[in-house]
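Student: For reference, the chains in residue letters:
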Amino acid sequence: MLRAAAVVAALTIVAAAALVGQTPDEQAKLDRLTRRYDDLTARLTNEAEVGVPRVDSVHVGGLWILSDSAESPVLLGAVESFRRLLMQQLGPAPLPLLVGARIAVRFGEAHPGWGHLLTGDTQFIGVQQRRRTSKWLTGQLAQAVDGLLAHRGGASVAAWRGDVHLFHDQGPLLEATHLELLTANAPSADGCRDGSLEACARSLNLIARLPGQSVEANAELRRFVERRLRHRASEPALAPAYSACVDGGDAAACLAFLERAGVQEPTLSTRATGTLLVAVGDVGGPDALARFFADTGAAIVPRLEAAAGMPVDSLLARWRETILAHRPPPTAVPAGMQWFVLGWATVLVALATRSTRWR
Amino acid sequence: MFAAICRIQWKASALGVALLATLAFIIPLLTVQQAGFSAGDRRGWDLIVMLSAVETAGTLFPILAVILGLTLSVGAWSADHQAEHVYALTLPVPRWHYVLLRFGAGLLLIAPVVAAVGLGCAVALGSFDLPAGLRSYGGAITLRFALAAAVSYAATFALAAGTKRTTAAVVGVLTAVIVLALVLEAFGVSTAVAEGIMNAIFTRPGPFEVLVGPWSLIGV
Amino acid sequence: MSYAIETQELQYRAGRTFELGPLNLHVPAGAIYGFLGPNGSGKTTTIRLCLGLLRAERGGVRVLGHDVPSQAPAMFARVGYVPERSHLYPNLTVREALALHGAFHRRWDHQAAAELLGTFQLQGDTRIGRLSKGENGKLLMLLALAQRPDLLVLDEPTDGLDPVVRRDVLMALIDFVSESGATVFISSHLVHELERICDWVGVMDRGRLVAEVPMHSFKNGIKRLRVRNAPAQAGDPPFVLLARERGDGASGTEVWVVRGWQATMRQYFEGIGAVLQDVVDLDLEEGFVELLRTARVPRGS
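In the order they appear, the protein sequences are chains A, B and C.
Quick note: the first sequence uses this note's numbering, first residue 1, plus one each step.
Quick note: the second sequence uses this note's numbering, first residue 1001, plus one each step.
Quick note: the third sequence uses this note's numbering, first residue 2001, plus one each step.
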C-alpha cells in the first residue's frame, strides 16, 4: 500500500510537473516554496493580528506572483498580459533562471507580515493608488523581471549588462541607440557607424580582443590617447606606455596605458547593451537569453555567441544594421502634410460658413 | 474690403501677435543656449543630453502655434461677438464671403510670427558650428509651425464662428469624452474609445497630426 | 403703387408668449413711413424680419424688389440701417468705422461723411466704446446717410437722446430725404416726433398691424365727439364707432371716439334724436392711444 502511495505521489508530481512544464526538481523547489508561504500565512493568521493579509499566488512561467488581492481584475489582467510578454521575450518554456523568483504585489495597507515575504529573490510592487490600471501593472511586472534578471549570470554579466530593460518597447530604445552612435564623443562609436565591427565591439564594451584588429582601429586608439590623455603622459607609471602608444603606434601599449590610467574609452550606454541583448533573443531563438544568463562563469563574448548561435561578428553586424535602420524621425515635415493641413483648413472654414448663424 | 477687415483685425490682434512673435523669436535662441550649444568649449558636450534638451524645448513650438491660432480667432470674432454679429449680417456681401474675409485676414497675421520663428532659428543656428553627424531643422520647424498655426487657427475660427449652441455642443462633447476617459481609467476600464478618438484627431489623416511628432531644432 | 417694403402673411414666434403676424406690411416707395407701437408690440422684430436678421416661420418679405433673406446682400447695398442698439465695433475709432463702412458700400459718399462728421461734431479719433449715447446715435445715422441708400430703416433712432441731438438727427434725415427722395421706414414709440415728418403710418400692437394709413387720414380721421341724449342703440352710423363712453352722468353726455369722421355726418345725430355738442380733434398721440385702446380686443372674440 505504501509503495503504491509513493508511486501515485511520484506520478502525481510528474503529472503536475508536466502540466506546468516543470522538471521534478523544479517542481519540488516550487512545492517547498508554496509550503513555505502557506506556513508563513498560517503563522501570521495564528498571530491573530488585525488585518493580516491573505497572500495568494499566481504562477507564471516558473515565476511566482504573490498578492494580497489575487482576485483583483487589475492583477489578473496584468498577469495575463505579462504572461504573453514573458513568453514572447523569453520563450514558451519557463526559464530555469526565474524559478524560485517571486514578485510580491501589495494592494492593501502595509503590514509587518510583508517584511517576511520580501526576502531572498523577490521584487516588490506596491499598488496603492486606485487609478493604477492593468496596463501600468504589466509594465511594473516587466520591470520587476528586469530586476530579477539583473544579477543572473554572475558579476561580470551584471557589470556589463547594467540597468537594462528587456521588456520595454524597443522602438524608442533603438532610436536612442542610433542617436548615441551618431553623437557619442568616442572614436569607437564613429568607427562602428562607419562600418567597423571591431569598433562596434569596443563601443559596446566587449573588450575582448577580437582577431584581426584593424590598422584603423589602432590608429583611432592612438589618437584617442593622444588627444584626451596627453595630460597624463608625464606620470612616471604611465610615461613609457604613452610613448610606446603615441610615438610607437603600439596598440597593445595603448590598451595597457588605458588600463593603468584607469580610463575606459567612452562606450555606449547600457541602453545600447540592452538592444544587443534583444538582438541576441531575436536571432538565438526562444531560449537564447536563458543561455546567455546561465550560470556558467563564461565571459561575455562566448556567452553572446552561445546564446545567438553565431559568431559575435555576425551578431554585431546584425545589431548594427538594426540600429542604423532606426534613425529617429527627423523634424522634417512629412510628405503630404501641407496638403492635409490645407484640406482640413478648407473643411473647417467651410463648416464656419455653414454655421446657422450665417445662413 | 479685405484691406479694411485686415486693418480692424490687426487692431484687435496686434498686441497678441507682437507678444507671440517675440516669444517665437526667443524660443530657438533659448533652446540652443539652454541645451548648451552656445557654450564655446565643446569638450564638455554630452550630445545625447543636449539633444534631449532640444527635443524638450521643441514642444514649445506646437504650444505656441495653438496659442497663436486661438489668439487670432479671438481677434477675428471678438468684435462681432460683442456686437452680436448684427453689423456683419447687415453688410452688403454674402455671408460666406464675410467669413472668408475674416479668415483670410487672420491667416495673414500668422505670417509675422512665422517669420519670427524663422529668424530666431536662423540666428540661433548661426551662433555655433553644428557637430558632425547632427543636422539643423530651422526651415522644417518654421514650415511645420506655419502649418500648425494655420490648422489651429482654422479649427478655433470655425468654433468661434458658430452659434453659442454649436460651440457649447462641441466643447461639451470633447470635455465629456475626456472626463469619461479619465473616470474609466481610474476604475481600470479599458479606454479604447477615448484612445481611438485621440488617434483620429492626432494621427493621419486627422487634423492635428502636424502638432505631434518631432519638433527638434537640432537632430540627426 | 410700388412698395419699398412689403410682407405677405409674415409670421414669427419667439418662445411661448410672443407671436407676430400674420403681417401684411406695405411701405410705399418714396414715403416716410412711421411705424408706431408701444414697447413690446413687435416693431423691432418686424424690422429684423424684413432685413433678414430673423428667420420667419411663414410668409415672405420683399425689400426694394429683393427677396429677403436670399437676396439680402444686394438689398443691404441699397438699405441704410440704424438699429435700436449700436451694432458697431466698440474698439474702433469713429474714423475707422467710417473707413470700414465705406469699404463695403460702393455708393459711399466721402464728402457727405466728412460734412456730417462736422455737423454732428464727432471726433474722428474717439473710440466708439467711449461715445455717449447721443454721439452713438449720431454716428449710426451718419453711417446710414453717407451710404446714400434708397431705403433708410431706422429703429427708434432718437430713443434716449436729448432734444438737441434728436433735432440734429432728424434734421439730417429730412435734408437727406428731401435731396434724394429715398424711402424712410422709421419706428418709434415717440408719436409726436413722427407726426411732423411722416406721411404714412403703420401701427403695431401685440404683434399685429392694427392700422396702415396715410398720415393725414390717421390724424384727421379719428375724432372725439361729445354727444347728448344719444339712444342706447346707435343704429348704423356713417363713421366707424371705436368707443362710446358715458361722460358726466347727470347731463347725459357721452363721449364717442370715431374714425372716418366728416363734417357732413352731423345730420346723423339729428336723425337719431341726439345732439352733437362738440367735435374734438385728436393729435396723433391721442389718436394712437384711442386706436390701441379700441383695437385691444381678445383674439377670437
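Treat the hints as calculated values from the structure; they're not laboratory data.
There may be inaccurate statements among the hints.
[As the list claims (entries may be wrong)] Here are the simulated SDA-like pairs of lysine to any residue, each with C-alpha atoms no more than 20 Å apart in a straight line: (1) Lys1164(B) / Ala176(A); (2) Lys135(A) / Val1170(B); (3) Lys135(A) / Gly171(A); (4) Lys1164(B) / Arg354(A); (5) Lys1011(B) / Gly2124(C); (6) Lys1164(B) / Arg2055(C); (7) Lys2219(C) / Arg2130(C); (8) Lys1011(B) / Val2280(C); (9) Lys1011(B) / Ile2128(C); (10) Lys2133(C) / Lys1164(B); (11) Lys2133(C) / Val2165(C); (12) Lys2219(C) / Gln2262(C); (13) Lys135(A) / Val99(A); (14) Lys135(A) / Glu1195(B); (15) Lys2219(C) / Asp2281(C); (16) Lys1164(B) / Val2280(C); (17) Lys2133(C) / Glu2195(C); (18) Lys2219(C) / Thr2294(C); (19) Lys1011(B) / Arg2055(C); (20) Lys135(A) / Leu1184(B); (21) Lys135(A) / Ala1083(B); (22) Lys135(A) / Asn1199(B); (23) Lys135(A) / Asp194(A); (24) Lys1164(B) / Pro2238(C); (25) Lys2133(C) / Val2177(C); (26) Lys135(A) / Val1183(B); (27) Lys1164(B) / Met87(A); (28) Lys2133(C) / Glu1195(B); (29) Lys1011(B) / Arg2130(C); (30) Lys1011(B) / Ala2099(C); (31) Lys1164(B) / His2087(C); (32) Lys135(A) / Ser72(A); (33) Lys1011(B) / Ala2112(C); (34) Lys1011(B) / Thr2093(C); (35) Lys2133(C) / Asp2150(C); (36) Lys1164(B) / Glu80(A); (37) Lys2133(C) / His2189(C); (38) Lys1164(B) / Gly171(A); (39) Lys1011(B) / Thr2253(C); (40) Lys135(A) / Gly100(A).
Student: All hints are to be evaluated individually against the structure, with a verdict given for each.
Tutor: Each hint tested on the structure:
1. Lys1164(B) / Ala176(A): Distance ~47 Å between Lys1164(B) and Ala176(A) Cα, so the pair is violated.
2. Lys135(A) / Val1170(B): Measuring from Cα to Cα gives roughly 30 Å; hence the hint is violated.
3. Lys135(A) / Gly171(A): Given that 20 Å is the threshold and the Cα spacing comes to 18 Å, the pair holds.
4. Lys1164(B) / Arg354(A): holds (14 Å)
5. Lys1011(B) / Gly2124(C): Measuring from Cα to Cα gives roughly 16 Å; hence the hint holds.
6. Lys1164(B) / Arg2055(C): holds (17 Å)
7. Lys2219(C) / Arg2130(C): violated (41 Å)
8. Lys1011(B) / Val2280(C): Violated, at roughly 61 Å.
9. Lys1011(B) / Ile2128(C): holds (14 Å)
10. Lys2133(C) / Lys1164(B): Violated. Lys2133(C) to Lys1164(B) sits at ~28 Å, over the 20 Å cutoff.
11. Lys2133(C) / Val2165(C): Holds - the C-alpha atoms of Val2165(C) and Lys2133(C) are around 10 Å apart, at most 20 Å.
12. Lys2219(C) / Gln2262(C): holds (13 Å)
13. Lys135(A) / Val99(A): Given that 20 Å is the threshold and the Cα spacing comes to 24 Å, the pair is violated.
14. Lys135(A) / Glu1195(B): holds (14 Å)
15. Lys2219(C) / Asp2281(C): With Cα atoms ~8 Å apart, Lys2219(C) and Asp2281(C) stay inside 20 Å; holds.
16. Lys1164(B) / Val2280(C): Given that 20 Å is the threshold and the Cα spacing comes to 55 Å, the pair is violated.
17. Lys2133(C) / Glu2195(C): Distance ~24 Å between Lys2133(C) and Glu2195(C) Cα, so the pair is violated.
18. Lys2219(C) / Thr2294(C): holds (16 Å)
19. Lys1011(B) / Arg2055(C): Given that 20 Å is the threshold and the Cα spacing comes to 33 Å, the pair is violated.
20. Lys135(A) / Leu1184(B): holds (13 Å)
21. Lys135(A) / Ala1083(B): The given pair, whose Cα atoms are some 51 Å apart, is violated under the 20 Å limit.
22. Lys135(A) / Asn1199(B): holds (18 Å)
23. Lys135(A) / Asp194(A): Not satisfied, since the Cα-Cα distance of roughly 40 Å exceeds 20 Å.
24. Lys1164(B) / Pro2238(C): Distance of about 57 Å is beyond 20 Å: violated.
25. Lys2133(C) / Val2177(C): violated (24 Å)
26. Lys135(A) / Val1183(B): OK: Lys135(A) and Val1183(B) at ~16 Å, within 20 Å.
27. Lys1164(B) / Met87(A): Roughly 55 Å between the alpha carbons, so the hint for Lys1164(B) and Met87(A) is violated.
28. Lys2133(C) / Glu1195(B): violated (54 Å)
29. Lys1011(B) / Arg2130(C): Answer holds: Lys1011(B) to Arg2130(C) is near 17 Å, not above 20 Å.
30. Lys1011(B) / Ala2099(C): holds (14 Å)
31. Lys1164(B) / His2087(C): holds (18 Å)
32. Lys135(A) / Ser72(A): holds (14 Å)
33. Lys1011(B) / Ala2112(C): Roughly 26 Å between the alpha carbons, so the hint for Lys1011(B) and Ala2112(C) is violated.
34. Lys1011(B) / Thr2093(C): holds (11 Å)
35. Lys2133(C) / Asp2150(C): Given that 20 Å is the threshold and the Cα spacing comes to 26 Å, the pair is violated.
36. Lys1164(B) / Glu80(A): violated (48 Å)
37. Lys2133(C) / His2189(C): Holds - the C-alpha atoms of His2189(C) and Lys2133(C) are around 18 Å apart, at most 20 Å.
38. Lys1164(B) / Gly171(A): Violated - the C-alpha atoms of Gly171(A) and Lys1164(B) are around 45 Å apart, more than 20 Å.
39. Lys1011(B) / Thr2253(C): Roughly 71 Å separates the two Cα atoms, so the pair is violated.
40. Lys135(A) / Gly100(A): violated (25 Å)
Hints 1, 2, 7, 8, 10, 13, 16, 17, 19, 21, 23, 24, 25, 27, 28, 33, 35, 36, 38, 39, 40 from the list above are not met by this structure, while the remaining hints are.
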